[in-house]
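Kindly produce the complete structure, drawing on both the sequences and the hints.
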Amino acid sequence: MASETNTGEIKRGPIERWVAKAIKNPDRAYRSMFYTVTIFFLFTTLFPFYWLLVLALTPENRLYQANLLPAGFTPETFIRVFEVIPFHRYMFNSIFLALMTTAIVLLLASLAGYVFGRLDFPGKSIMMLLILAISYFPPAAFFLPLWRLFNGQIVPGIELYNTPGAMILPFSALFMPLSIFVLTTFYGQIPDGLEDAARVEGTTRLGALFRVIMPLSAPGVATAGVLTFIAVYNEFFFSFLMNNGQPGNWAPIVGGLLQLQRAGQFEATFSVMAAGSIIAVLPVAILVVIAQEKIVSGMTAGALKE
Amino acid sequence: MARVKLDGVTKRYGDVMAVNDMNLDIEHGEFITLVGPSGCGKSTTMETVSGLTRPTEGKVYIGDREVTNLPPKDRGIAMVFQNIALFPHLDVYDNISFGLRLRDYEKEEIDRRVEKAASIVQLEGMLDRMPDEMSGGQRQRVAIARALVREPDVFLMDEPLANLDAKLRVTMRTELQRLHKELDTTILYVTHNQEEAMTMSDRIAVIDSGELQQIAPPLTCYNEPANLFVAGFIGSPAMNFIEGEVVQNGLETENFMIEFDPGKIDGVGVGDHLTMGIRPEDVHPVEKAGNLAHGSDTIEAWADVLEPMGDEIFVYLLLGEDVDTSMEAEGATSNELLMSVDPDSPIKEDDEIEVVIDRTQVHLFDTESGEAVTHGVASLATESTTPGSEAETDD
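From first to last, the protein sequence lines are chains A and B.
Per my numbering, residue 1 is the first one in the first sequence, and the count goes up by one each step.
Per my numbering, residue 307 is the first one in the second sequence, and the count goes up by one each step.
It should be emphasised that the hints constitute simulated quantities derived from the structure, not laboratory data.
A portion of the hints provided could be inaccurate.
[Unchecked claim] List of simulated lysine to any residue pairs, SDA-like, C-alpha gap at most 25 Å:
{"#": "1", "chain 1": "A", "residue 1": "LYS294", "chain 2": "B", "residue 2": "GLU439"}
{"#": "2", "chain 1": "B", "residue 1": "LYS473", "chain 2": "B", "residue 2": "GLN483"}
{"#": "3", "chain 1": "B", "residue 1": "LYS311", "chain 2": "A", "residue 2": "LYS294"}
{"#": "4", "chain 1": "A", "residue 1": "LYS294", "chain 2": "B", "residue 2": "ASP397"}
{"#": "5", "chain 1": "A", "residue 1": "LYS124", "chain 2": "B", "residue 2": "VAL322"}
{"#": "6", "chain 1": "A", "residue 1": "LYS294", "chain 2": "B", "residue 2": "PHE393"}
{"#": "7", "chain 1": "B", "residue 1": "LYS413", "chain 2": "A", "residue 2": "PRO215"}
{"#": "8", "chain 1": "B", "residue 1": "LYS379", "chain 2": "A", "residue 2": "LYS294"}
{"#": "9", "chain 1": "B", "residue 1": "LYS594", "chain 2": "B", "residue 2": "ILE571"}
{"#": "10", "chain 1": "B", "residue 1": "LYS413", "chain 2": "A", "residue 2": "LYS294"}
{"#": "11", "chain 1": "A", "residue 1": "LYS124", "chain 2": "B", "residue 2": "ASP321"}
{"#": "12", "chain 1": "B", "residue 1": "LYS487", "chain 2": "B", "residue 2": "ASN499"}
{"#": "13", "chain 1": "B", "residue 1": "LYS379", "chain 2": "A", "residue 2": "PRO215"}
{"#": "14", "chain 1": "A", "residue 1": "LYS124", "chain 2": "A", "residue 2": "PRO191"}
{"#": "15", "chain 1": "A", "residue 1": "LYS124", "chain 2": "B", "residue 2": "GLN483"}
{"#": "16", "chain 1": "B", "residue 1": "LYS413", "chain 2": "B", "residue 2": "PHE393"}
{"#": "17", "chain 1": "B", "residue 1": "LYS379", "chain 2": "A", "residue 2": "ASP192"}
{"#": "18", "chain 1": "B", "residue 1": "LYS379", "chain 2": "A", "residue 2": "LEU119"}
{"#": "19", "chain 1": "A", "residue 1": "LYS124", "chain 2": "B", "residue 2": "LYS473"}
{"#": "20", "chain 1": "B", "residue 1": "LYS379", "chain 2": "A", "residue 2": "ILE104"}
{"#": "21", "chain 1": "B", "residue 1": "LYS379", "chain 2": "A", "residue 2": "LEU111"}
Given below as structure tokens:
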């Protein structure tokens, strides 16, 4: 037996040796599986961005020669994005819409979160279920009625199409439920005594919400705010359909990228589009990097509660 | 002038009656303590005064105003909470000045008042600390300062010392009394700790099952409890209760007899069931009973358990001749008696001793209703004992 094992070990190749070690020490196997999966996900998520970068850096006329490396180096494409169309205006529109929606959602979801989290009343769980149900509605179901409403076909005189309202209203409605749930959990955890103290000290219930409960739930409010901002910034459906794509009509980045497609006179200008896409991703990427820790802690804090 | 008046205040939570027809009339500058066991409705009563809870029925007055439907902020009250309830995201200065800033006071006025309050509770130099950097006692003082700066008509204190350790509690108790003297405001204080209630208050309101049992100065509650509940709740260790039946010349219990003339008490006749209450310090070993003007007959007893407390010894006595200790249930049965004696007493466990009850301190209660019948039976004596003693006879 002993001699067999000895001779067998000599015969083994590197893979067999690795397998033998992994059997003895399963942690090695788990670790390598972790790296395999992580690398796979990183590749599938990051490669498109890399590909965008390759396209953006390759001069327009040599696009078909671009492989895994850019065929040439033209960083000025990133500046052309702002020259061929007012891309900054599209970005401003996107950020403006996202900020406005976030503000509205945080305000209203705070009120709802206060009520659901801190008060008892009949029908509470049914109402929360209804709110949850709304968040699962397909946005397309709202589109036709809303489009007619915003074009003054239902109530004459109300024409929101091509205004921020036409997007902020449906955004707020669609992204509100998530924030309500996050804030309900957080506001429900603030001790009653603190609210009582604030009320005795001279606030109303609302005052206690904004002066004490909300500041103490800062991680939750930040989570809800960042998630809403990102969701609105990334939204396509209403962003695309509730305006005619002109920067002056509050078209967000979606409109900008589609304009870039037509930036060249006769051909699709892939380089500029790729550059525009990368620029468009930047604000959210930065936001996520900054707020990542808060979002994770906010989500898990909420998760642990219920 | 900040009188506080509760007029028939009732609070129901669904079917649960938290407070039932509470009538309180508190004078300006009084220190009133609401005391009672957990869940008796004392905190709910206070919440109706603070406005955090709206009474189901009845009216609340502060000063000359009816405030039943006013929110807490418009009632001119300040409150110290059991869980202290400092705002964790604000430093001490911001915590104390929270109410003033809400009311748009001038910056200088706020500074002046915060400094004054901080010096009263001895928190100078800590104004920029955060609550989580302070000890329990310091936080409690911040909470008190937060109430002080508002210069309210009425202070509400809901078990403010409950979460402090024993030593700090005693210190803070003295500080609160000193504050009350300095401020001359009405203080409504809630506690389940009868020691706090006894030492601090002008009057005690004893509450049980949502109903006011007695409101009187501490010593009156102690010496002339209105009913069995007050008698058992006020005083530590609790009063002894022994049931008995009225006979021709007094009250006959299972093991002894307390002599008095039942005819001298209104509404009591032979055959009635009364409960006798006697405090441990009014039971004496027979050797010490020589200086008692109105001692009872000697009672045979057996020292079951001794609890030396340092300044006194509690002796758990079993009465009667054929006591079976193993069968004895806990609580106030008719053949158990608690006696407190001097620490130099020679009594040992399992001693057979004779004790005497001070008849001036005997309380009689109606067994059925629990209402007090009389306090002190010495002056109700039959012809053999001296009439005209100092014992109180009011009911």
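Taken at face value, is the distance from the CA of PRO191 of chain A to the CA of LYS124 of chain A at most 25 Å? 20 Å, holds
Assess, step by step, whether the Cα of LYS124 of chain A is no farther than 25 Å from the Cα of VAL322 of chain B, and give holds or violated. 22 Å, holds
Within 25 Å, alpha carbon to alpha carbon, are LYS487 of chain B and ASN499 of chain B? 21 Å, holds
Does PHE393 of chain B lie within 25 Å of LYS294 of chain A when you go C-alpha to C-alpha? 22 Å, holds
Between LYS594 of chain B and ILE571 of chain B, is the straight-line Cα distance small enough, at 25 Å or below? 30 Å, violated
If you draw a straight line from the CA of LYS124 of chain A to the CA of LYS473 of chain B, is it 25 Å or shorter? 46 Å, violated
Is LYS379 of chain B close enough to LEU119 of chain A, meaning Cα to Cα at most 25 Å? Measuring from Cα to Cα gives roughly 20 Å; hence the hint holds.
Against the 25 Å threshold, does the CA-CA distance of LYS413 of chain B and LYS294 of chain A hold or violate the hint? With a Cα-Cα distance of about 35 Å, the restraint between LYS413 of chain B and LYS294 of chain A is violated, given a limit of 25 Å.
Do the alpha carbons of LYS413 of chain B and PHE393 of chain B lie within 25 Å of each other, as the hint requires? 20 Å, holds
Is it true that the CA of LYS473 of chain B sits at most 25 Å from the CA of GLN483 of chain B? Given that 25 Å is the threshold and the Cα spacing comes to 16 Å, the pair holds.
Taken at face value, is the distance from the CA of ASP397 of chain B to the CA of LYS294 of chain A at most 25 Å? Given pair LYS294 of chain A, ASP397 of chain B holds - Cα atoms ~23 Å apart, limit 25 Å.
Between LYS413 of chain B and PRO215 of chain A, does the CA-CA distance stay at or below 25 Å? 23 Å, holds
When the structure is compared with the earlier hints, violations turn up for hints 3, 8, 9, 10, 15, 19 and 20 and for no others.
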